[in-house]
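Asker: Assemble the whole structure, with the sequences as input and the hints as a guide.
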Amino acid sequence: MVYDLLSDYPARIPDILLLGLTREEAERLAGRANEILSVLQPKAPPRFAAMQDPCDDWLVCDLVLDLPAELEDLLLIGLPRSEAEHLAGLANAGIIRPAGYSSVPFASVA
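Mapped onto our numbering, the consecutive letters of the sequence shown carry residue numbers 839 to 948.
Incorrect hints may have been included.
What the hints assert, rightly or not - With beta-carbon atoms standing in for the labels, derived distance ranges:
| no. | residue 1 | residue 2 | range |
| --- | --- | --- | --- |
| 1 | S920 | T860 | 46 to 56 angstroms |
| 2 | L901 | R870 | 28 to 38 angstroms |
| 3 | V902 | R866 | 51 to 61 angstroms |
| 4 | P884 | P918 | 12 to 22 angstroms |
| 5 | G927 | P892 | 19 to 29 angstroms |
| 6 | L859 | S920 | 48 to 58 angstroms |
| 7 | E923 | E863 | 24 to 34 angstroms |
| 8 | G927 | R861 | 38 to 48 angstroms |
Hint data in this document are derived by calculation from the structure and do not stem from the laboratory. C-beta atoms are modelled at their ideal positions from N, C-alpha and C, and glycine is treated no differently.
Answerer: Here's what the structure looks like:
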């Protein structure tokens, strides 16, 4: 079965439930669905932003969690502005992956 992780129901192709498939067929269809949906997904707003703290230092903020971002167990706080902006840009581009950041697939095999 191919499972739609967004709707929390078995996936459908227009009017066909994707049940009774072999594991290989289900994995192939789930992989294809993730490819198609990742291209069609609207561009998300940036998740990470450089922000100035009350002490006039800079930090990289994870806007989803509303907390300072972490990279390799280090909080990205107390930074010069240029470094905070650079790290936020790298994180938004997916070049670095701050702690707790993961991309979520749209479909999975159940």
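Asker: Need the list of violated hint numbers for this structure, in ascending order.
Answerer: 3, 7
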